[in-house]
Amino acid sequence: MLRSQTKLLDLGRRQLPGLWGCLTKANISKLTMVEVDDKSGIATLTLNRPPVNSCNLELLLELNENIKQIECNKSRGLILTSSNDKVFSSGLDLNELYKPDQERLKAFWTALHEMWLSLYQCSIPTAAAINGHAIAVGCVLSAACEYRVMLPGFSIGIHATKFGYVVPHFIMISYLSVLPRRLVERALLQGKLFSTEEALQVNLVDEVAHSKAEALCKCAEFIDSFKQTQPAARALTKRQFRAPDVQVLIDDPEGQLRESLDYINKPSFQEGLGEYLRNLKAKDKH
Amino acid sequence: MLRSQTKLLDLGRRQLPGLWGCLTKANISKLTMVEVDDKSGIATLTLNRPPVNSCNLELLLELNENIKQIECNKSRGLILTSSNDKVFSSGLDLNELYKPDQERLKAFWTALHEMWLSLYQCSIPTAAAINGHAIAVGCVLSAACEYRVMLPGFSIGIHATKFGYVVPHFIMISYLSVLPRRLVERALLQGKLFSTEEALQVNLVDEVAHSKAEALCKCAEFIDSFKQTQPAARALTKRQFRAPDVQVLIDDPEGQLRESLDYINKPSFQEGLGEYLRNLKAKDKH
Amino acid sequence: MLRSQTKLLDLGRRQLPGLWGCLTKANISKLTMVEVDDKSGIATLTLNRPPVNSCNLELLLELNENIKQIECNKSRGLILTSSNDKVFSSGLDLNELYKPDQERLKAFWTALHEMWLSLYQCSIPTAAAINGHAIAVGCVLSAACEYRVMLPGFSIGIHATKFGYVVPHFIMISYLSVLPRRLVERALLQGKLFSTEEALQVNLVDEVAHSKAEALCKCAEFIDSFKQTQPAARALTKRQFRAPDVQVLIDDPEGQLRESLDYINKPSFQEGLGEYLRNLKAKDKH
Numbered sequence: 001m002l003r004s005q006t007k008l009l010d011l012g013r014r015q016l017p018g019l020w021g022c023l024t025k026a027n028i029s030k031l032t033m034v035e036v037d038d039k040s041g042i043a044t045l046t047l048n049r050p051p052v053n054s055c056n057l058e059l060l061l062e063l064n065e066n067i068k069q070i071e072c073n074k075s076r077g078l079i080l081t082s083s084n085d086k087v088f089s090s091g092l093d094l095n096e097l098y099k100p101d102q103e104r105l106k107a108f109w110t111a112l113h114e115m116w117l118s119l120y121q122c123s124i125p126t127a128a129a130i131n132g133h134a135i136a137v138g139c140v141l142s143a144a145c146e147y148r149v150m151l152p153g154f155s156i157g158i159h160a161t162k163f164g165y166v167v168p169h170f171i172m173i174s175y176l177s178v179l180p181r182r183l184v185e186r187a188l189l190q191g192k193l194f195s196t197e198e199a200l201q202v203n204l205v206d207e208v209a210h211s212k213a214e215a216l217c218k219c220a221e222f223i224d225s226f227k228q229t230q231p232a233a234r235a236l237t238k239r240q241f242r243a244p245d246v247q248v249l250i251d252d253p254e255g256q257l258r259e260s261l262d263y264i265n266k267p268s269f270q271e272g273l274g275e276y277l278r279n280l281k282a283k284d285k286h
Numbered sequence: 001m002l003r004s005q006t007k008l009l010d011l012g013r014r015q016l017p018g019l020w021g022c023l024t025k026a027n028i029s030k031l032t033m034v035e036v037d038d039k040s041g042i043a044t045l046t047l048n049r050p051p052v053n054s055c056n057l058e059l060l061l062e063l064n065e066n067i068k069q070i071e072c073n074k075s076r077g078l079i080l081t082s083s084n085d086k087v088f089s090s091g092l093d094l095n096e097l098y099k100p101d102q103e104r105l106k107a108f109w110t111a112l113h114e115m116w117l118s119l120y121q122c123s124i125p126t127a128a129a130i131n132g133h134a135i136a137v138g139c140v141l142s143a144a145c146e147y148r149v150m151l152p153g154f155s156i157g158i159h160a161t162k163f164g165y166v167v168p169h170f171i172m173i174s175y176l177s178v179l180p181r182r183l184v185e186r187a188l189l190q191g192k193l194f195s196t197e198e199a200l201q202v203n204l205v206d207e208v209a210h211s212k213a214e215a216l217c218k219c220a221e222f223i224d225s226f227k228q229t230q231p232a233a234r235a236l237t238k239r240q241f242r243a244p245d246v247q248v249l250i251d252d253p254e255g256q257l258r259e260s261l262d263y264i265n266k267p268s269f270q271e272g273l274g275e276y277l278r279n280l281k282a283k284d285k286h
Numbered sequence: 001m002l003r004s005q006t007k008l009l010d011l012g013r014r015q016l017p018g019l020w021g022c023l024t025k026a027n028i029s030k031l032t033m034v035e036v037d038d039k040s041g042i043a044t045l046t047l048n049r050p051p052v053n054s055c056n057l058e059l060l061l062e063l064n065e066n067i068k069q070i071e072c073n074k075s076r077g078l079i080l081t082s083s084n085d086k087v088f089s090s091g092l093d094l095n096e097l098y099k100p101d102q103e104r105l106k107a108f109w110t111a112l113h114e115m116w117l118s119l120y121q122c123s124i125p126t127a128a129a130i131n132g133h134a135i136a137v138g139c140v141l142s143a144a145c146e147y148r149v150m151l152p153g154f155s156i157g158i159h160a161t162k163f164g165y166v167v168p169h170f171i172m173i174s175y176l177s178v179l180p181r182r183l184v185e186r187a188l189l190q191g192k193l194f195s196t197e198e199a200l201q202v203n204l205v206d207e208v209a210h211s212k213a214e215a216l217c218k219c220a221e222f223i224d225s226f227k228q229t230q231p232a233a234r235a236l237t238k239r240q241f242r243a244p245d246v247q248v249l250i251d252d253p254e255g256q257l258r259e260s261l262d263y264i265n266k267p268s269f270q271e272g273l274g275e276y277l278r279n280l281k282a283k284d285k286h
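Chain order of the listed sequences is S, V and Y. Numbering follows my numbering, with no gaps: position 125 of the first sequence is 125. Numbering follows my numbering, with no gaps: position 199 of the second sequence is 199. Numbering follows my numbering, with no gaps: position 52 of the third sequence is 52.
If you are wondering where the hints come from, they were derived from the structure by calculation, not from laboratory data. Only a predicted model underlies this, so the values are computations on that prediction, with no experimental measurement involved. Please note: incorrect hints may appear among the correct ones.
Below, a list of computed lysine-lysine pairs in the DSSO-like style, where the Cα atoms sit at most 27 Å apart [what the hints assert, rightly or not]:
{"#": "1", "chain 1": "V", "residue 1": "K39", "chain 2": "V", "residue 2": "K162"}
{"#": "2", "chain 1": "S", "residue 1": "K39", "chain 2": "V", "residue 2": "K162"}
{"#": "3", "chain 1": "V", "residue 1": "K68", "chain 2": "Y", "residue 2": "K162"}
Selected chain Y positions facing chain S (Cβ under 10 Å, derived; list incomplete) [as the list claims (entries may be wrong)]:
{"#": "4", "residue": "V208"}
{"#": "5", "residue": "S211"}
{"#": "6", "residue": "K212"}
{"#": "7", "residue": "C217"}
{"#": "8", "residue": "S225"}
{"#": "9", "residue": "T229"}
All C-beta atoms, glycine included, are put in the ideal place defined by N, C-alpha and C.
Looking at chain S on its own, in the form it has when it is part of the complex:
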């Protein structure tokens, strides 16, 4: 349905601002795809960075840019999904965090903040068609949307404590906006990954669909539930309702950035991350 009449917005190929001069053009191409259904007015934003949609600097910049563009283009809604039928997103690209170039790390984390703010405060209705595992920032992306439809057989959650990471304030907020406090604390501390069925039971996702097409359809139905509302009033209500959640990040972006970078640069975190990455590579070889 969503694909009947689409125009491909090649946002991925545009030249990014000079600040990111270190990036080559090749890096920034086609990490995402945007399709707008002319009939419904709904934009589908597809994560498309093989193999597992891990978020590196380039993907974050594209996401941020695309979300803003879709918002400006007066789309009626935004659906976030993945081109990979196993993984919605595996979270941050850990290579951005391991022995990082400090300038790039700063740009990376700033882009993460900005992308999250864009999605969390997006004025149009947003929904995630979670057609694969949604791990860590993959879960955060889903939680930042207003509605979630997930396919069975996958996992969703924030497992940061399992590799020694302490999630920043905005990630706690993201979970808290969806789950009751008691469950958020336990899930964060356990680094819990919910199965689709568990996620549905605690309302971390709103519906289960049995194919990507069905998931997209259910997301579109959710977006249609706003048909009789006035878009400007809806947008302002959402912004005001979510305002307390983003206040820390908006009031003190530098402080929040410094806190995260300090944590990432700690020798103990770097050591743990190094071992984690070595284990991953060893697994890949076998």
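Got chain S; can you put chains V and Y on it based on the hints?
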């Protein structure tokens, strides 16, 4: 039961303070009724402004006055209900908002703030017997009580986004005090009206009753659940528990007032409201 | 299982700091017991003040000291339980509140604050095996843990409004960290004691066990659920997540203390408490 032995408090007929000199005596009579059951000590406050209990300035002033009076009179509890068997309250009287006299608009909105504070912080147990539709401020009145019993076949909710209105902070708070955050956001953004059954399912109402008498009875039972508590400790606990919710309105009443009035006076809002009212009148003719 | 290999930490017998010079050695012995399972690394902290584990100054000091000691000793988790098979804890020792020596009252309430902070912010996983009634501060102790397993046939809750007490901020927070806001307000105002079954239904407890051994086992299983997490990241995540809850008490301990002491010293509260205590004694005689 509640009506067995009652004395009618003719608060509606009292002279209101000089500030409201523009009001005629006729306007301010019998918009509400108060009955106190001598045996149970429970006061029933009945909304009585035909045709649909829409809240104009006079009704708000009476409600505020009555709530305070009932509280002072050492009633054991307050039950809010309607004399209309179809509509609990349709919300604000939109005529107060359309092309308003600025002085009256200011008095109107101030009265709304004060009435809500009186009800939300009322020291005695409060319950709503929702014997008809409870729309917008009708829902807010119900949510400000400690307990809600609703008759089947009606609707309850805040549909502000449907006519282009952005609800102020205290109305968001009102919803948040009853529903989980995830549902509040969705309901506010969709302008959702819950059926009695839906409202029961999400705990927006606590019980369903099949007649007004049964609803009043269940409300009285709830008030009886405080029989073994010390009223002063109960009152102070309620006040302290709800204190964070009213802080914005108490700390900055002028700011909150200005924000609401500015929004109401916006040409875009006035135009939308005008069209909405013309459509209503057209419907009435047919 | 937990008792297979244990060493008894005789924390109860140590000399407490000079500040509490008024306490005799006899007073401070064996009010609690600590057993550490060498195999699992889990510490079990047992309330042991007959007849009903009511919290007096000495018990609070011991609890605080034990919690800190267990945390420092790198135990893998802490289970709180009772040596009494009918009462987990009856709450505060009301004799500490009635016609109090002001110095001792101040020490008592300060110890309550500090014990709560120690338990609520304890860096290792905490669980309560509630093998009897958990009333007032008995409920608060349970709620401060991360997990609760309760035996059937008992009551849990905060019944302060029933004897005229207004609970301070940290006790409201304790309830709010576990139950939805709507239920917290009602339970606090009604002074509700939940049966085990009711407590399970609203998630005030997480599981029901049919013996103390089974309860301890389920608590240990909960603690095991953190096996794959990094303890330092877990600890810091817990601390940051719970930080907003303790802020009032940490920012203004003197103010919170004064507010509580002022309330306790009120003639009206003292009179009510005196009557309550006389009734209790009269009951005991019959």
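> Which numbered hints are broken by the structure, listed smallest first?
Replying inline: Going through the list in order, the structure violates hints 1, 4, 5, 6, 7 and respects the others.
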